[in-house]
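K.L.:
Listed below, chain by chain, are the residues.
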Amino acid sequence: MEKFTTHTGVGVPLRRSNVDTDQIIPAVYLKRVTRTGFEDALFAAWRGDESFVLNQPAYASGSVLVAGPDFGTGSSREHAVWALKDYGFRAVLASRFADIFRGNSGKQGLLAAQVAQEDIELLWKVLENEPGTEVTVDLVERTASAGDVTVQIHVDDYTRWRLMEGLDDIGLTLQHEDEITAFEARRESWRPKTLPAKHLPKQEIVAARPAGA
Amino acid sequence: MAGTLAEKVWDAHLVRRGVDGAPDLLYIDLHLLHEVTSPQAFEGLRLAGRTLRRTDLTIATEDHNTPTLDIDLPIADLTSRTQIDTLRANAKEFGVRLHSLGDADQGIVHQVGPQLGLTMPGLTVVCGDSHTSTHGAFGALAFGIGTSEVEHVMATQTLPLAPFRTMAINVEGELPPGTTSKDIILAIIAKIGTGGGQGYVLEYRGEAIRKLSMEARMTICNMSIEAGARAGMIAPDQTTFDYLEGRPHAPEGADWDAAVEYWKTLRTDDDAVFDAEVTLHASDLEPFVTWGTNPGQGLPLSANVPVPELIADENDRIAAERAIEYMGLVPGAPLRDLKIDTVFIGSCTNGRIEDLRSVAKVLKGKKKAADTRVLVVPASARVRLQAEAEGLDKIFLDFGAEWRNAGCSMCLGMNPDQLTPGERAASTSNRNFEGRQGKGGRTHLVSPLVAAATAIRGTLSSLADLDLPEGTDLTTFDGSPLAPLDPNVLVQV
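Protein sequences appear in the order of chains R and X.
Using full-length UniProt numbering, you'd call the opening residue of the first sequence number 1 and step up by one each time.
Using full-length UniProt numbering, you'd call the opening residue of the second sequence number 1 and step up by one each time.
Misleading hints may appear alongside valid ones.
[Said to hold, decoys possible] Heads up, incomplete: computed chain X residues facing chain R, CB under 7 Å, no partners named:
#, residue
1, Pro39
2, Asp72
3, Ala76
4, Ser80
What the hints contain is simulated information worked out from the structure, not anything from laboratory work.
Each residue gets a CB set at the ideal place from its N, CA and C atoms; glycine is no exception.
The task is simple: from the sequences and hints, build the whole structure.
P.N.:
In structure tokens form, the structure reads like this:
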């Protein structure tokens with residue numbers, strides 16, 4: 001995972017609350033089996049609207065998204081994080097994030113930092129008054145600055161450390177493999193196993209046909 | 001020390017307590033997979049040269065992309081077919097049990113786990129799908145995860161998790177006739193908002209919850225995520241044990257006895273303290289519908305479309321204006337007058353046998369509204385078989401509905417079952433986001449009973465709007481659990 005300490009890039013004001021992951025990337029784009037190449041899918045339903053913020057030249061190359069509250073709600077799709085990253089975003093600032101989205105971001109090196117809503121409003125004003133203004137997000141100092149505005153950002157200590165070190169979770173966990181094995185030895189026998197498979201007798205499933213066919 | 005249900009299950013899965021701000025490492029009892037959020041995780045394992053640690057705690061099914069028509073033909077959409085083929089190849093390569101399209105155990109992943117008896121109290125259950133919260137109805141700690149976490153569970157059978165807070169949702173009193181557990185959860189989300197549960201595990205408690213069947217409890221826990229909570233739980237009781245006993249993977253003999261003895265301890269201690277509490281009176285509830293584009297934008301069916309000018313909070317007002325425009329609504333107009341183009345009955349929220357039974361009971365002997373399309377999509381192939389054994393399919397077909405094969409279907413429109421731009425749906429599913437059921441589609445979330453009444457009248461309706469025969473007992477419209485299974489017919493493969 002790429003390390004994240006500070007990042008400076010064009011700030012994009014997204015004045016919407018409850019931006020769910022279906023808006024970040026609609027389900028039709030989830031059929032791909034790759035982890036990259038989702039830039040075209042980001043906010044796909046809104047990209048056709050000329051007035052949408054990313055369609056304005058000054059914001060098109062944005063890399064710091066400043067969004068309304070409850071960003072990333074809904075589906076667990078990590079594709080939402082991949083699409084933001086593939087487009088070029090390195091950080092999202094909002095007053096509240098959905099839990100799964102925030103977790104997914106942390107795994108992929110996308111900074112999802114909490115900022116008080118009144119500070120979001122200050123950043124929005126700067127970015128809207130001077131489209132193309134850059135935002136500097138400093139994870140070391142826990143600040144975000146744009147123009148003459150500097151605000152606090154909130155990231156939990158552990159996520160911050162992992163982002164700054166660029167650490168891979170699986171590698172970290174496997175350092176404790178002996179503890180996992182010891183735990184497995186203690187598990188009760190009633191806990192279910194999927195194998196060998198048990199099920200009711202096989203039955204033929206009749207295919208439904210289109211109405212009128 | 002006194003603990004809540006969620007804390008007890010958490011503590012029983014601690015592989016390692018986190019120090020210096022590091023998260024706890026939790027063991028995962030059951031990992032469910034489907035075709036959409038797993039391919040990149042399998043690829044990650046392959047690239048790192050890792051194996052899938054516990055194939056015997058992992059099970060996969062095909063649900064999101066699968067067509068609900070012509071399932072014996074090759075999948076027409078090539079990208080969907082590729083994704084399904086990728087899951088099949090990965091399952092084979094890594095040794096994962098897979099129930100494919102056409103198999104009697106195929107279906108929506110959150111129905112497959114419970115009906116096989118794999119979902120049980122006291123487990124940790126994860127899946128790359130946010131509606132994994134469904135399994136919390138059994139007293140399991142169950143939550144959706146992203147693909148990086150899917151890969152993490154595949155490789156280690158654990159997850160590093162930051163501690164959560166606990167919220168009690170007390171639902172007191174008794175549900176009025178014609179209302180269901182769907183109305184309870186829609187009312188809860190409208191009350192606490194789509195962000196109200198962020199950072200919390202919810203525990204649904206109270207008289208109204210205890211009286212619900214297992215399937216009705218699953219509907220409530222399913223939509224915990226719509227209130228922002230990763231997980232929602234209900235303490236196991238006799239209803240839970242009765243549902244589980246005799247299912248293919250339920251414990252047997254001494255294991256069953258030991259399990260039940262332990263499961264009975266899985267309740268919040270009387271002196272335990274929740275970080276937050278919310279109380280709702282079920283007796284006040286009416287059939288609930290959503291009018292907007294997030295599940296928190298819901299109102300009783302008897303209400304009118306909100307008037308944005310009257311909303312004080314600026315963010316809420318802007319959101320309401322946008323939603324009203326997208327949904328093509330008139331502020332102040334009665335919700336009851338809305339004409340519905342499509343009724344969708346299905347999904348991991350309301351596609352189970354009880355849902356189909358209660359819908360069939362309303363539709364029996366009637367004909368659908370002339371201009372309304374009605375889709376009935378069972379949550380799993382077993383649910384379809386059971387419905388057919390009970391003759392429900394005949395009722396749906398005589399009514400003029402389409403009776404489909406199992407899958408996620410129109411809930412998220414990854415398969416051909418989609419709304420067209422501007423099309424208005426009454427849907428028993430879980431999300432009314434813009435474009436969720438098809439680009440430009442307009443979704444109103446409803447209970448199965450409201451869906452059924454709407455299918456008859458062609459406008460958003462409840463049972464009270466129907467000319468039901470004098471003396472019809474509306475309280476029996478909640479169905480009964482799946483018939484107990486005969487353990488003697490279990491097979492092993």
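K.L.:
Could you work out which of the previously given hints the structure breaks and list their numbers from low to high?
P.N.:
3
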